[in-house]
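Colleague: On the provided structure of chain A, position chains B and C with the ligands as indicated by the hints.
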Amino acid sequence: MSTRVLGQNVPKKDAATKVRGSRRFPQDFDMKGQLHAKVIWSEHPHAHVVKIDTSRAEALPGVVKVITAEDVSVNEYGIIIQDQHVLAGEGDRVRWLGDRIAIVVAESEKVAREARRLVEVEYDPLPVVSDPREAMKPEAPLVHEERGDSNVFRHIKIQKGDWEKGFAEADVVVESYYVTPYVEHVYMQPDAGIGYIDDEGRVTVISSAQWPDHDQRQIAPMLDLPQDQTREIVPAIGGAFGGREDMHVQHLLALCAYCVRRPVKMVFDRNEVMIRTGKRHPWYVKYRTGARKDGTLTAVEMEIISDSGAYASTTVPVLEAGTSFAAGPYVVPNAKVDSYAVYTNNAVTMAMRGFGTTQSAFIYEMQMSKLADALDMDPVELRMKNLFQDGSIGLTGHEMPQGVGIGETLKEVALAAGWKEERGRWSKPDLGAASGPHKRRGMAVACGLKNVGYSFGSDDKATVGVQLALDESGEIARVTVLSGACDVGMGAQTFLAQMAAEALGVSYDQVRVAMVDTAKVPDSGSCSASRLVWISGNALVRACQEALERRDQILLAETGETFVETEHEFHGRSVHETHPYDPETGMTVPHFAYGYAAQVALVEVDAETGETEILKFWAAQDVGKSVNPAMIDGQSAGGVHMGVGYALTEEYIQQEGVPKTRHLADYYVPTVMDMPLEFTSITVEVPDPSGPYGAKGIGEMTTLPTAPAVISAIHDAAGVWIDQFPATAERVWWAMQAKK
Amino acid sequence: MPTLEMILNGKEVSVEVEPGDLLAHVLREKLGLIGTKISCGEGECGSCTVLVDGFTVTSCIYPAMKAHGREVTTIEGLAKGSQLHPIQQAFVDVTAPQCGYCIPGMVMSAKALLDENPHPTQEEIRMGISGNICRCTGYYQIVEAIELAAQRMAEEGGAP
Amino acid sequence: MWDDYLFPHSVKEALDMLEARGADVRIIAGGTDLALQRQGGRNPATVMVDITRISGLERIEERDGYIHVGARVTHAQVAASPLIRSRAGVLAEACGSVGGPQIRNVGTLVGNVVNALPAADGAIGLTALDAQAEVAERTGRRWTPISDLYAGVGRCTVDSCQAMITQLRFKALGDGEGDAFERLAKRKALILPILNAAVVVGVDGGAVKSARIAIGPVATKPFVATDAAEWLIGQAPDAAAAANAAKLAAQTAEPRYSLLRGSAEYRKSMVEVLVRRALTRALALASGEGGGHADS
Ligand code: FES
Ligand code: FES
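Residue numbers (the numbering used here), protein chains in the order written: chain A, 32 to 771; chain B, 73 to 232; chain C, 1408 to 1703.
Treat the hints as calculated values from the structure; they're not laboratory data. In this text, a Cβ means the ideal position worked out from N, Cα and C, and glycines have one as well. Keep in mind that a hint or two might mislead.
Below 25 Å or equal to it, Euclidean Cα-Cα: the simulated DSS-like pairs (lysine-lysine) are [what the hints assert, rightly or not]:
| hint | chain 1 | residue 1 | chain 2 | residue 2 |
| --- | --- | --- | --- | --- |
| 1 | A | LYS317 | A | LYS168 |
| 2 | A | LYS196 | A | LYS416 |
| 3 | A | LYS324 | A | LYS196 |
| 4 | A | LYS63 | B | LYS102 |
| 5 | C | LYS1616 | A | LYS770 |
| 6 | A | LYS324 | A | LYS451 |
| 7 | A | LYS470 | C | LYS1675 |
| 8 | A | LYS442 | A | LYS470 |
| 9 | A | LYS470 | C | LYS1654 |
| 10 | A | LYS647 | A | LYS451 |
| 11 | A | LYS324 | A | LYS416 |
| 12 | A | LYS470 | A | LYS691 |
| 13 | A | LYS551 | A | LYS492 |
| 14 | A | LYS770 | A | LYS317 |
| 15 | C | LYS1595 | A | LYS647 |
| 16 | C | LYS1675 | A | LYS770 |
| 17 | A | LYS647 | A | LYS459 |
| 18 | B | LYS83 | B | LYS152 |
| 19 | A | LYS691 | C | LYS1654 |
| 20 | C | LYS1616 | A | LYS771 |
| 21 | C | LYS1654 | C | LYS1616 |
| 22 | A | LYS459 | A | LYS416 |
| 23 | B | LYS102 | B | LYS83 |
| 24 | A | LYS470 | C | LYS1595 |
| 25 | A | LYS442 | A | LYS324 |
| 26 | C | LYS1675 | C | LYS1654 |
| 27 | A | LYS647 | A | LYS470 |
| 28 | C | LYS1654 | A | LYS771 |
| 29 | A | LYS551 | A | LYS63 |
| 30 | A | LYS771 | A | LYS470 |
| 31 | A | LYS324 | A | LYS459 |
| 32 | A | LYS470 | A | LYS459 |
| 33 | A | LYS691 | C | LYS1595 |
| 34 | B | LYS152 | B | LYS102 |
| 35 | A | LYS188 | A | LYS63 |
| 36 | B | LYS102 | A | LYS141 |
Computed Cβ-Cβ distance ranges for the label pairs, DEER-style [what the hints assert, rightly or not]:
| hint | chain 1 | residue 1 | chain 2 | residue 2 | range |
| --- | --- | --- | --- | --- | --- |
| 37 | C | GLU1637 | B | VAL85 | 30 to 36 Å |
| 38 | B | GLY82 | A | GLU101 | 50 to 56 Å |
| 39 | B | SER154 | A | GLY488 | 50 to 56 Å |
| 40 | B | SER154 | A | SER139 | 58 to 64 Å |
So here's chain A without its partners, still in its complex pose:
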């Protein structure tokens, strides 16, 4: 499809203010008469709160109020399951270090800080549950006594075909045990915001949220207010990666403003972000894969245990999504999967780029790499042989909808990295000489796929509004797009403006995208699930078409009107219905749409120290339709960066529920020096007929193949499989020692 504005590297709408430093993030706002709030956090990973004494803090001059559980109308909340307390009161339990006891509100930040130390809390410690595998045992202490007699709160079963027969037919069976790490989002902008009562009496919060409308849905009942008496404004977001799907400051600020009726500012320091906010789920996985000599997959069997930490957060949908892709983009006729979500007293785990599919990409791609090795088959060829195509039957018995681009994506990346193909036979390139006597080179490939939009029967929808200002001749002079779609940095404002410009036949500069403010823009759902291009894009394109029709009517009727406004609510189910897992067989139609990625890593392992250096990296992504190539390259590189950290350096370490990596100094986000010198981003466009202009989501997919590509390349170089990662130098070294 030829397009005019789509496919152009227009400057991002917010780029100029961001390079000037004039873009204001929530911590950059101040209001007249504002107070400052600090949270009193739990000091124990598991304990009863016996007594809370706020009197000394309240007596400190400058302290306006110490807010406790008694001040909260409805204290139970949670993004999906209401298993958390806004504030833990006397008699309540704390279940991790991110539980809150009280909030001090004071005239200055200094006083708030001081007062925070004066709140005295007496605890009665309880046994700490720190390993989800132990937590599943019947004798394990319960993290949530009130929620049944087990720490397991979700068990997903998939039984497809005859898995025993499948294994019987296999010539080769690969069996592994994987442990994926706890990982922190490390969005660079610490959570912050201001709560106040606006001119119309609404409890208002300025913050960096991923899903302001859903925050409101949680805040309103908490304060016992109708939802339209709450409001959230999202001026700019300094990264999110799923980490801001749950509320961190929003509900606390709303509560503060509601209680003291003055503006209240709260800014987390990095320590609070590190210790008191959610992480990526670690998985503990037993995985068996069976295949015939020719590489055809016959069966998979696995058990996945997901550490949910102290609260459910989005663990259930994360596990549901991850499980649905546990066999990857491959046709597997027979399967048995059991996935468990388990409470512990570890840090709460939640959405993070990939939403469970990052963990599954690691396990299925490691299995494929091992299988290729066991069969002595080229890893690209093995994958090609089993890869999804349009209409393939997936793990949950569903048919893959049109637009499956993984074959193209894998092919492009393999060719770019130097693979040769001859009549279906693939061969790996020569890797060249290593850079030193102790260096070993290796290269490997990995694929990934993920759903776009919410799944399993959720009514995923987005509403987008369009306003046209017409000049006297009826031409469109200016356009405003109204959408609650938050821009976490990936460029939502920009691609929405590009799509509107394309759909309306105007220039990009004529389109403005309004700031997200729940009082002014419609609900477009969360900025997550790689859904914005697809779902908000679909709503927007339709709203634009309706606006054009209205404009034509006005011109025809010669009413002289110069303003047109439309709004379109788009439902994912208008593409096709999705459903929850069948409770016994797991069969379902899980998702609306998909996005794909494939990557190749060339690494060098130091055989003496175990250090891995990534020399070159190729990343291909199928975006359906490239809206803004430079932004896609940015998503690609950023996704790979997060994957490199996942593969090699990042690990959030806890002991008995107490984090040991409490500073950025101990949590190793890759620096520029850790990134491969050569990076190639390849964009593939296999249109998705359900997407606007054929576009698919991309934000998360780019991170999926990285860790398995890098870690499989380590095997290619050093001959060791690192099944528990990150593949630190020491882990690789021990594996090499064990092999000797």
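Modeller: Leaving out everything else, chains B and C with the ligands in the frame of chain A:
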């Protein structure tokens, strides 16, 4: 309270500070220069990078009084009115910023680098921003932007 | 919180300030560690005596066969100094790997010693160079081997509340001498090392005539592998000698398990690797073979 006197973005400024104030807080809270970002507050990420006498420092751990009598440049000191500094313009042109939170610090590191070394190699650019963490971009477009800026500044021939 | 921030203009004035203000006062140079210690509540001093305006302390110069480095000299200046790069490359390499550029622009080499952390790259380089520190007290100035400055992890025998280190000195390397620095870390920049090693060797007439090997962080202070160095003396400066000396160094070093740095076994093995690599490079340099110093 001691008075901190400095040349800030080319203008003489004097401001009352506490002896223990850190430069980032003085800039942000006392002088309203919110372009200097605080992310880790511990000298570990470079978001708060500003220049003191042309050298990059992490202002979140830099005692404000150390800037007394010095020349301090923040991100706000780069553009001339509506005209972006060539480094800023290059960041826009190659779509380097994503969330943008690390970007002021990156631009300041790039500025110090190009002032000192107008024709850096890619490796030197990487070294130059090795004290700045970005969680969004993977750094490639940032390196590209700095290369582009260096090239444009050399073509214009003028001093940055 | 701090109550006062002072800028003395001479060493004498600084010492007078320390005397006059009693126990709550201390010397600050770059302050990169101090600001963190204060945030963590680990430093109670309230009056800062900032020595970065004292003239004379900013110099890197060669005098009487020694290279002198003043107390104001930053890691970045050490790493970029042509004199140090050509005559004590190990120190340039070490200082060039501290933190990130911003920290190297502010943090001083002397501060790296005063903070007395056994992982400090600069201090490991200085230990290999057998550096001395000039300590200024009200009673006068004296030169002390830097190895005598360590009273324990994070504790320096020179009390920043009473005295200050004004400069460091070490012998410039000459013909027949070579040096090298090696480091292992969990990331390539902006990070403390898991291990680091610095070596300085001298070769004469086809045999090793001097050797000094410093390793961190394997003890409460920079560790000097004396046995290994002694063994090396008289050996042919070849790969086998480097390998054997490295083995000896690893036998005597006692790295401990650390949750963030790694197991004792791994780190002990890595001592051997790093020392061997450093010695191999240094011996080659000393023997006039290829390689060259950090800057060549
Ligand atoms: S905020 Fe200053 S270095 Fe991170
Ligand atoms: S652009 Fe988001 S941290 Fe760099």
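Colleague: Using the beta carbons of GLY82(B) and GLU101(A), state whether their distance is inside 50 to 56 Å or not.
Modeller: Since GLY82(B) and GLU101(A) have Cβ atoms about 54 Å apart, the given range 50 to 56 Å holds.
Colleague: Next pair to validate is LYS324(A) with LYS196(A); report whether the Cα-Cα distance is within 25 Å.
Modeller: OK: LYS324(A) and LYS196(A) at ~16 Å, within 25 Å.
Colleague: Next pair to validate is LYS1595(C) with LYS647(A); report whether the Cα-Cα distance is within 25 Å.
Modeller: The hint holds at about 16 Å.
Colleague: Measure nothing beyond the straight line between the CA atoms of LYS83(B) and LYS152(B); if it is 25 Å or shorter, mark the hint as holding.
Modeller: It holds: about 14 Å lies between the C-alpha atoms, which stays within 25 Å.
Colleague: Hey, LYS771(A) versus LYS470(A), does the alpha-carbon distance stay inside 25 Å?
Modeller: holds, 17 Å
Colleague: Hey, LYS647(A) versus LYS470(A), does the alpha-carbon distance stay inside 25 Å?
Modeller: holds, 15 Å
Colleague: Does LYS647(A) pair with LYS459(A) here, judged by a C-alpha cut-off of 25 Å?
Modeller: holds, 15 Å
Colleague: For the pair supplied as a hint, LYS470(A) and LYS459(A), confirm whether the alpha-carbon distance does not exceed 25 Å.
Modeller: Given that 25 Å is the threshold and the Cα spacing comes to 20 Å, the pair holds.
Colleague: Are the Cα atoms of LYS691(A) and LYS1654(C) separated by 25 Å or less?
Modeller: Distance ~33 Å between LYS691(A) and LYS1654(C) Cα, so the pair is violated.
Colleague: For LYS196(A) and LYS416(A), compute the direct alpha-carbon distance and say whether it is at most 25 Å.
Modeller: Given pair LYS196(A), LYS416(A) holds - Cα atoms ~21 Å apart, limit 25 Å.
Colleague: Quick one, are LYS470(A) and LYS1675(C) close enough, alpha carbons at most 25 Å?
Modeller: holds, 21 Å
Colleague: Check whether the Cα positions of LYS1654(C) and LYS1616(C) lie no farther apart than 25 Å.
Modeller: holds, 19 Å
Hints 5, 8, 12, 19, 20, 35, 37, 40, counting from the list given before, are not met by this structure.
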